[in-house]
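Colleague: Sequence:
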Amino acid sequence: MNSPLGLGFNQKRLPLRKARTGLKTTRLKNFAAELARRNQLDLFPLGKHLRCYSAEAFQGDARAGFNVALLAFPQGMAYALIAGLPIEYGIFGSAVAAIVAAFFAGSRFITLGPTNATSVMLYSSFASIGITTSADAVGYMPILLLMIGLFLVVGAYLRVANLIQYISQSVVTGYITAAALLIISGQIKNVIGVSFSEGEKAITFVDKIVLTIKHMPEFHHESVVLSILTFVIFYILKKKWSTLPNVAITLVIVSGIAAGLSELSTALSSRWDLKDFWTGDEIRWLGEVNAAAWPVTLPSMNFDAISQMANIALAIALLCVLEGTSIGKSLAARSGERLDANQEMLAIGTANIGCAFFAGMPASGSLTRSQLSWSSGGRTPLASLLNGLIVAGGAFLIGPLIRYVPQSVLAVLVITIGISLINKRAIKVVTKSTRSDAATFFATFIAGLLFPLDTAIYMGVGLSIMLFLRKAATPELVEYGFTDEGELAELEEKKKRAVQEVSIVHVEGDLFFGAAEIFRDQMRRASEDENLKIVIVKMRNARHLDATAVMAIEELVKHMNERDRFLLLSECKKDVIRVLKNSEMLNVLNRKNVFPDNPQNPTLSTAKALKRAQEILGDAEVDIKIYVNANKKKKKSEGLE
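UniProt numbering applies: residue 1 is where the sequence shown begins, and numbers increase by one.
Every clue listed holds true.
Taking lysine-lysine and the DSSO-like style, the derived pairs with C-alpha atoms no more than 30 angstroms apart in a straight line are:
#1 K611 x K581
#2 K329 x K424
#3 K611 x K573
#4 K424 x K238
In case anyone wonders, no lab produced these hints; they're calculated from the structure.
Throw the hints in and build the complete structure from the sequences for me.
Modeller: Here is the structure:
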């Protein structure tokens, strides 16, 4: 029996614990809000739309939400089939992603849900680590989705989306083209009604083709007939009535025909032998979607699972940002508006976290759904919310009827979606523009066919960044001097001057670690001229000076001083001065040889440097030559600047 003292003590402690818990929660919320404010993120952007919401805006959002839902429902089923997941995961994911994203999206341009690209990457990545059954995949989905969401949310706070511009569009085009072929090759077995054995792993494009050819003699004629019928009906509808939800209509028509033929053959089988004509026994039907048993899925915090999923989660998160922001920016540009990519990255992240807890699958920006929402008159992110609610309602109303949809019918529609992903115009542009674009495209495309897709996208992104750095880190200098007539002209190679000289070097672009060594080597070669005594480096257009560049300049100074030559820096902006001061490089250079930039008088700094050069040379005659960027000179001659 508790003593009165003990009871009283517990009664006093309980409110204190609640107070402390509440205080911690408040501090966490305040911290998140402050972090979002500093990073210019809005934790509830839907509020600003609701404050000035109108009946006209609601009409546009309702129309867009309804039209997108008619497309999202069958697409969700198709993408679940691609990913090797139960059909309901695509439907639930379409609903949850659209609903959650509506509260965090800053614009009306991106409609979230499962996509072709993320679905095929999910299947390919799972297959590469031995996860080949839907039951195994379902077990890993919550922790994978949670990790994808966290990667994206943290990336949004760190404003990582700003760096996506450095990833070439050639990577995206190569990946999507490879993914399209993987989608098509992966669904042929469903079209002809065959299946692979449990030990046969179809990870890559080559695997899928080889195994499909192997099982081709086992095809089911009923599945083939339904597939051909689906293909014909879909393309007739698409050609004649392109504005209708043709995917949903085709599913309903062909599923009705298949179910009717099966029932008819059953009724007539008592009088005639129809086994060589139609029995319906060979048709594989989709399973029933029981939305009433919509599960709450809790991620398992298992270290082995986390380490196993980390690489896949990062690849899918990267793909989500690439896919979502490129779609959003395209539609925003067509509307004359701007898109905050980091805000949309936050929305994609929270949508995936929501899917982690409610039986969804990876969500990204869908090109077809985003385009449809925009063209249907969607005014605000509320269109996405309505779309999600309609899909969720549809899961309850027509979920039981999905068992009447043949798998081969859905497979044909998946293939048509895959074919639509092959953008001939984009492929032509990236392969004809530059060699680096073509190399990036083919590297990503071929890797996507031969390796798991997460490997392919890493290879493509890595190559894209390498080629970008190669361009950024290759400064080229052309030497200029004054002719006898006093005109500025290009100095002939290996031409020597009879008098002491001062060279002026115009630095154009980034002096980061990638360019520092090349800059140093070029400067050393230039200073080998036996008549050269002083080099003045104009730093006005030099950006991103870092430690590597500072050390390169220090080596150059020592190299020149050993040969009784001097290095002067002119037009140094504040950020350059700060780096030189913090690294103590000012002392190495001699403060008298460093001249800050004067925005009011751009030439004053270099004029002072020239005066300093005359002081160093004494009464010697000074002959000045100027270096400029070769690429810039070329552009000027072509009229590009």
